[in-house]
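Produce the complete structure using the sequences and hints provided.
2 protein chains.
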Amino acid sequence: MISRHWWRIIPAVTWLRRYGSRELSSDLVAAIIVTIMLIPQSLAYAMLAGLPAQVGLYASILPLVAYALFGSSRALAVGPVAVVSLLTAAAISRIAEPGTEGYLGAAVALALLSGMMLLTMGLLRLGFLANLLSHPVISGFITASGILIAVSQLKHILGVDAHGHTLVEMVSSLARGLERTHGWTLLLGTGATVFLFWVRTRLKPLLRKRVGLPPFAADILAKAGPVAAVVVTTGAVALFDLDAQGVAVVGDIPQGLPPLTLPPFDLGLWSNLAISALLISLIGFVESVSVAQTLAAKKRQRIDANQELTGLGAANIASAFSGGFPVTGGFSRSVVNFDAGAETPMAGVFTAVGIAATALLFTPLFQALPKATLAATIIVAVLSLVDLGAIRRTYRYSRTDFAAMAATIFIVLGVGVEAGVVTGVALSLALHIWRTSRPHAAVVGQVPGTEHFRNVERHSVVTSPQVLTLRVDESLYFANARYLEDTVYDLIARSPEVSDVILMCSAVNVIDASALESLEAINARLADAGVTFHLSEVKGPVMDNLQRSPFLEELSGRIFLSQYQAMETLAPDTIRRARAASAA
Amino acid sequence: MISRHWWRIIPAVTWLRRYGSRELSSDLVAAIIVTIMLIPQSLAYAMLAGLPAQVGLYASILPLVAYALFGSSRALAVGPVAVVSLLTAAAISRIAEPGTEGYLGAAVALALLSGMMLLTMGLLRLGFLANLLSHPVISGFITASGILIAVSQLKHILGVDAHGHTLVEMVSSLARGLERTHGWTLLLGTGATVFLFWVRTRLKPLLRKRVGLPPFAADILAKAGPVAAVVVTTGAVALFDLDAQGVAVVGDIPQGLPPLTLPPFDLGLWSNLAISALLISLIGFVESVSVAQTLAAKKRQRIDANQELTGLGAANIASAFSGGFPVTGGFSRSVVNFDAGAETPMAGVFTAVGIAATALLFTPLFQALPKATLAATIIVAVLSLVDLGAIRRTYRYSRTDFAAMAATIFIVLGVGVEAGVVTGVALSLALHIWRTSRPHAAVVGQVPGTEHFRNVERHSVVTSPQVLTLRVDESLYFANARYLEDTVYDLIARSPEVSDVILMCSAVNVIDASALESLEAINARLADAGVTFHLSEVKGPVMDNLQRSPFLEELSGRIFLSQYQAMETLAPDTIRRARAASAA
Chain C
1 MISRHWWRII PAVTWLRRYG SRELSSDLVA AIIVTIMLIP QSLAYAMLAG
51 LPAQVGLYAS ILPLVAYALF GSSRALAVGP VAVVSLLTAA AISRIAEPGT
101 EGYLGAAVAL ALLSGMMLLT MGLLRLGFLA NLLSHPVISG FITASGILIA
151 VSQLKHILGV DAHGHTLVEM VSSLARGLER THGWTLLLGT GATVFLFWVR
201 TRLKPLLRKR VGLPPFAADI LAKAGPVAAV VVTTGAVALF DLDAQGVAVV
251 GDIPQGLPPL TLPPFDLGLW SNLAISALLI SLIGFVESVS VAQTLAAKKR
301 QRIDANQELT GLGAANIASA FSGGFPVTGG FSRSVVNFDA GAETPMAGVF
351 TAVGIAATAL LFTPLFQALP KATLAATIIV AVLSLVDLGA IRRTYRYSRT
401 DFAAMAATIF IVLGVGVEAG VVTGVALSLA LHIWRTSRPH AAVVGQVPGT
451 EHFRNVERHS VVTSPQVLTL RVDESLYFAN ARYLEDTVYD LIARSPEVSD
501 VILMCSAVNV IDASALESLE AINARLADAG VTFHLSEVKG PVMDNLQRSP
551 FLEELSGRIF LSQYQAMETL APDTIRRARA ASAA
Chain R
1 MISRHWWRII PAVTWLRRYG SRELSSDLVA AIIVTIMLIP QSLAYAMLAG
51 LPAQVGLYAS ILPLVAYALF GSSRALAVGP VAVVSLLTAA AISRIAEPGT
101 EGYLGAAVAL ALLSGMMLLT MGLLRLGFLA NLLSHPVISG FITASGILIA
151 VSQLKHILGV DAHGHTLVEM VSSLARGLER THGWTLLLGT GATVFLFWVR
201 TRLKPLLRKR VGLPPFAADI LAKAGPVAAV VVTTGAVALF DLDAQGVAVV
251 GDIPQGLPPL TLPPFDLGLW SNLAISALLI SLIGFVESVS VAQTLAAKKR
301 QRIDANQELT GLGAANIASA FSGGFPVTGG FSRSVVNFDA GAETPMAGVF
351 TAVGIAATAL LFTPLFQALP KATLAATIIV AVLSLVDLGA IRRTYRYSRT
401 DFAAMAATIF IVLGVGVEAG VVTGVALSLA LHIWRTSRPH AAVVGQVPGT
451 EHFRNVERHS VVTSPQVLTL RVDESLYFAN ARYLEDTVYD LIARSPEVSD
501 VILMCSAVNV IDASALESLE AINARLADAG VTFHLSEVKG PVMDNLQRSP
551 FLEELSGRIF LSQYQAMETL APDTIRRARA ASAA
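Line order of the protein sequences matches chains C and R.
Sequence positions in the first sequence follow the UniProt record's numbering and run 1 to 584.
Sequence positions in the second sequence follow the UniProt record's numbering and run 1 to 584.
Just so you know, the hints here were simulated from the structure itself, not pulled from any lab data.
Treat the hints with care, since some could be wrong.
Treat identical chains as interchangeable: a pair holds within one or across any two.
[To be verified] SDA-like mimics (lysine to any residue), calculated; alpha carbons at most 20 Å apart, straight line:
no. : residue 1 : residue 2
1   : 299       : 199
2   : 539       : 558
3   : 539       : 473
4   : 209       : 573
5   : 209       : 246
6   : 209       : 198
7   : 298       : 495
8   : 298       : 532
9   : 539       : 553
10  : 204       : 454
11  : 204       : 335
12  : 299       : 343
13  : 539       : 435
14  : 539       : 218
15  : 299       : 466
16  : 539       : 440
17  : 299       : 116
18  : 539       : 442
19  : 204       : 93
20  : 298       : 467
21  : 539       : 454
Pasting the structure below:
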């Protein structure tokens with residue numbers, strides 16, 4: 001009997017015990033398809049991160065095994081992905097020059113830091129931190145990153161040198177290089193791009209309608225487009241010796257399994273990379289969980305967010321110790337894995353074996369692979385991340401959310417990816433504090449003929465000139481505590497005849513220490529002004545909390561169970577008037 | 001006729017039009033008392049900030065006039081205060097050495113930056129940013145600052161040299177200097193301290209009970225204690241030539257009105273000081289508004305928080321242009337001003353005239369004033385800021401609030417004042433996000449014999465095995481959107497027989513764009529799992545917003561006006577069972 005404790009840390013224990021031949025064959029088929037798809041992606045995203053091609057392969061071996069052991073999703077396929085590779089490039093190019101030993105070391109350190117952060121968050125159940133990334137910020141970030149990545153790859157399509165981290169820098173650098181465009185490279189690059197676009201948009205309907213393939217087979221064949229592009233363009237280069245003509249190729253990739261690497265233990269480097277690692281961790285986690293939940297829901301399985309943190313953390317640590325770079329769950333390859341019938345994370349282990357075999361045996365085949373083809377696969381993949389519809393929808397739905405989204409997009413494009421995310425998060429928080437710092441609050445009066453009390457501005461109600469009742473439709477906490485004070489002081493400054501103020505707490509679920517201090521201040525200041533302060537309809541848990549403070553003893557007035565009872569006691573005349581109004 | 005527009009920017013226009021001889025005499029009396037109290041405070045807080053004594057006087061002249069014109073409080077007395085002086089010292093000692101030209105310039109630049117920030121926040125109505133400072137963080141910060149300030153002044157009482165920014169540094173530096181304690185200084189310093197403590201704790205009751213003075217007169221006389229200490233110890237030094245014996249004195253203070261200074265326009269310096277200026281602005285503002293509201297409430301007057309930002313901004317800019325340092329509203333001197341009968345901000349203008357006369361004529365009198373006396377006034381003043389009771393109350397009331405408070409105190413004492421505030425704010429936000437990221441949510445069922453639906457775990461209710469209803473007691477926004485998704489997916493993963501899910505929105509006041517995306521994801525994923533998704537009891541404004549999105553068209557199920565109607569339509573059997581249960 002395996003103890004429950006073990007199961008919690010290593011979910012693999014559960015599914016491995018029921019692993020049979022049916023699962024084996026399903027997982028094998030899925031793994032073969034994902035392996036074929038993952039090879040060009042691994043090489044391409046390593047290039048995007050400014051790293052040697054083999055690093056992409058290394059990041060697609062051990063991390064998959066680690067995730068299979070510790071992750072909670074049955075179908076998630078981890079490995080290098082576009083957005084995280086862009087963030088990696090942004091972070092480590094601040095530290096070292098691409099192509100140097102230091103650059104590679106920084107990539108490994110980044111994977112290690114990110115892995116340790118994810119693991120820590122998983123163990124301490126800090127997954128809620130990902131909530132800081134609101135949907136508009138994430139969506140704006142992904143769209144802007146997609147544009148930035150696509151533009152950054154144009155230099156490979158044109159066969160020119162270009163640099164820059166912002167859109168303006170990249171475009172102006174490209175424009176300066178335009179006249180040195182390399183003909184053969186351009187031909188291969190645009191050919192591959194047009195072909196991949198055609199595959200993506202036209203081939204699938206064609207295969208389904210004309211050839212009559214079932215949807216998932218059509219989908220998988222369409223996603224094999226990059227493999228065809230790789231084979232054809234590599235063949236062309238090899239056949240016509242185009243690399244001698246100046247077509248940039250991937251070149252020699254060392255043959256062999258990933259080396260066991262000890263990540264650099266350098267506190268200076270680590271503190272330099274800490275913020276970047278945190279951003280990569282959170283963004284990778286949010287994207288990955290979203291994919292995993294989409295797939296799990298289809299089979300009514302569940303994803304444990306904290307277990308996902310552990311799984312992704314283990315994957316990144318494995319990446320660091322095998323010469324890789326930061327990884328996370330990829331959207332399109334997870335969908336392929338799911339559609340191809342993967343039953344358990346064993347499919348990931350088989351994929352890792354496939355990539356390991358590639359690294360060991362087949363790397364010479366990629367020697368003549370043009371970089372322009374990899375750039376074309378990246379461009380076509382990331383342009384599907386650009387979601388202009390989401391921008392329009394957000395604009396129509398909420399201007400404050402749109403403000404956070406627009407700021408994220410502009411800062412990502414104009415300043416940098418990290419600054420963009422940080423700005424977006426800060427702005428989301430500030431807008432949230434602003435929004436909740438002025439909760440809906442209303443002066444209420446009695447609806448004649450009932451025991452209900454409603455907003456005086458919306459309903460025809462009976463009020464007392466001496467007893468003023470304020471209802472606040474929100475929990476009271478630090479962001480709105482001062483607003484509550486302001487509102488009460490304003491009300492009594494405007495109504496000199498008021499002798500009693502009742503705060504109706506029917507919608508108050510929490511009163512935190514700041515709000516408690518504000519209530520104490522309101523009580524004391526109203527007493528100074530000769531006004532008695534009461535509460536009504538305080539919920540049970542809130543009352544329990546208040547009893548642990550001296551507020552109830554200091555309160556100048558009383559706590560009433562119901563608002564009606566409060567008015568019966570403090571303003572019996574008004575109750576009588578309401579009765580008369582209802583009789584009339 | 002003065003236009004309403006003018007009135008809004010310069011509140012002084014309103015009260016000046018009704019200014020008469022009654023107001024004049026009240027304001028004059030209050031001004032004389034406040035001037036006498038403010039002189040030693042100005043000198044002391046300049047010393048605390050590491051600045052020459054005259055800078056304290058300069059900061060108590062033009063800023064008072066500027067506040068009188070632009071502020072909204074009738075009784076607030078602005079000028080140098082302890083906590084802001086400590087923050088000033090912490091900020092500018094990073095930039096330059098005390099006693100240098102650069103140190104003075106940095107103090108002036110800090111006042112200018114802080115003034116511009118306050119003014120900008122006032123004009124853009126950004127006062128809500130002060131809500132980021134929760135009560136526990138402010139209270140912890142003030143207590144820790146009080147301790148830090150008191151310890152920092154011990155060196156003046158002992159007459160030794162000591163340095164350090166953290167409690168440990170200060171105490172160990174003091175301990176090393178202890179053997180060089182200067183006898184005469186120690187005598188004067190402890191004498192003044194003991195006297196001031198006696199005045200503060202014993203004199204007032206004595207004056208009231210034995211002498212029979214009215215409360216406010218006793219209070220004001222007790223607060224004149226520092227003046228007596230200044231007069232007596234200065235006299236002693238002058239008489240016995242104690243400065244020649246090694247007692248440190250204030251020394252020569254240049255005679256004259258504040259010079260018109262142009263604050264250094266140095267973008268490097270400004271960006272170095274920006275965060276410090278922001279903290280000083282927010283903390284000064286929060287403290288000042290709290291004092292102003294306490295006093296205004298007593299006369300049922302109102303404080304406009306945004307106008308207060310403008311007033312404090314103007315005061316700090318005036319300080320910068322007259323060679324001063326950051327100022328804000330002081331608690332004890334505002335109370336004295338109010339109790340002494342100040343009717344309008346004109347009292348502040350008269351106080352400014354009094355301090356200007358002092359700067360012009362009487363500075364030679366302070367030549368022999370021992371620094372130990374100033375240190376004693378600071379120590380006695382700031383120890384009243386230390387509120388250990390608040391720590392205990394917060395601990396009993398809420399552990400999360402206490403965590404934020406404790407972190408603030410430890411970081412202020414152990415690392416520094418600015419790091420303490422930033423940590424406290426970050427922790428408050430994180431704890432708030434954590435708290436609201438898991439709103440109260442309940443599966444509900446029908447209470448037999450009623451149309452009410454209640455939590456299945458608390459009430460005996462009737463539920464349907466096919467139709468599951470979830471009620472969330474919180475607005476849906478980015479911090480809890482993913483929790484909502486998790487909760488729904490968990491529920492359907494655990495209940496394979498469920499065919500319909502109803503989200504009961506009776507407590508949802510807002511659905512932001514993140515929550516909308518989550519609802520769309522829930523809808524799509526439930527549809528994948530063959531489950532229909534419905535909403536019930538959606539509030540009017542929330543519905544208006546949803547209509548601006550494609551969600552309502554995509555929704556697999558329906559929107560029901562009431563939960564009862566939803567169950568009538570989707571699970572008529574259950575309604576019948578509930579009727580039978582109530583009949584039985």
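Hint by hint, here is what the structure shows:
Taking identical chains as interchangeable, the C-alpha atoms of residue 299 and residue 199 are never at most 20 Å apart, the minima being 29 Å within one chain and 77 Å between chains. Proximity of residue 539 to residue 558 under the C-alpha cut-off of 20 Å is restricted to the intra-copy arrangement: shortest distance 15 Å within a copy versus 32 Å between copies. Taking identical chains as interchangeable, the C-alpha atoms of residue 539 and residue 473 lie at most 20 Å apart whether they share a chain (13 Å) or sit on different chains (13 Å). Taking the shortest Cα distances, residue 209 and residue 573 never come within 20 Å of each other, neither inside one copy (79 Å) nor across copies (45 Å).
When the C-alpha separation of residue 209 and residue 246 is checked against a cutoff of 20 Å, the pair qualifies neither within a copy, at 42 Å, nor between copies, at 101 Å. In this homomeric assembly, residue 209 and residue 198 come within 20 Å of each other (Cα to Cα) only inside a single copy, at 16 Å, whereas the closest approach across copies is 96 Å. Taking CA atoms no more than 20 Å apart as the test, residue 298 paired with residue 495 passes between copies only; the shortest distance there is 14 Å, against 60 Å inside one copy. Taking the shortest alpha-carbon separations for residue 298 and residue 532, only the inter-copy value of 13 Å comes in at or below 20 Å, while the best intra-copy value is 58 Å.
For a Cα distance limit of 20 Å, the shortest separation of residue 539 from residue 553 inside one copy, 18 Å, qualifies, whereas the shortest one across copies, 37 Å, does not. When the C-alpha separation of residue 204 and residue 454 is checked against a cutoff of 20 Å, the pair qualifies neither within a copy, at 59 Å, nor between copies, at 50 Å. Taking the closest pair of Cα atoms, residue 204 and residue 335 come within 20 Å of each other only inside a single copy of the chain (15 Å); across copies the shortest separation is 79 Å, beyond that limit. Taking CA atoms no more than 20 Å apart as the test, residue 299 paired with residue 343 passes inside one copy only; the shortest distance there is 11 Å, against 74 Å between copies.
Only between protomers do residue 539 and residue 435 lie at most 20 Å apart by alpha-carbon distance; the minimum there is 18 Å, versus 24 Å within a single protomer. Within a single copy, residue 539 and residue 218 get their C-alpha atoms no closer than 58 Å, and across copies no closer than 45 Å, so neither meets the 20 Å cut-off. For the identical chains of this complex, residue 299 and residue 466 are inter-copy neighbours only, at 18 Å across copies versus 62 Å inside a copy, given an alpha-carbon limit of 20 Å. In this assembly of identical chains, the alpha carbons of residue 539 and residue 440 lie at most 20 Å apart whether taken from the same copy (19 Å) or from different copies (13 Å).
Taking CA atoms no more than 20 Å apart as the test, residue 299 paired with residue 116 passes in neither setting, with 31 Å inside one copy and 58 Å between copies. For the identical chains of this complex, residue 539 and residue 442 are neighbours both inside a copy (19 Å) and across copies (16 Å), given an alpha-carbon limit of 20 Å. Proximity of residue 204 and residue 93 under a CA criterion of 20 Å is satisfied in neither setting, with 39 Å inside one chain copy and 68 Å between copies. With identical chains, the CA atoms of residue 298 and residue 467 are at most 20 Å apart between copies only, with a shortest distance of 19 Å across copies and 57 Å within one.
Taking identical chains as interchangeable, the C-alpha atoms of residue 539 and residue 454 lie at most 20 Å apart whether they share a chain (19 Å) or sit on different chains (15 Å).
Violated hints, listed in ascending order, are 1, 4, 5, 10, 14, 17 and 19; each of the other numbered hints is respected by the structure.
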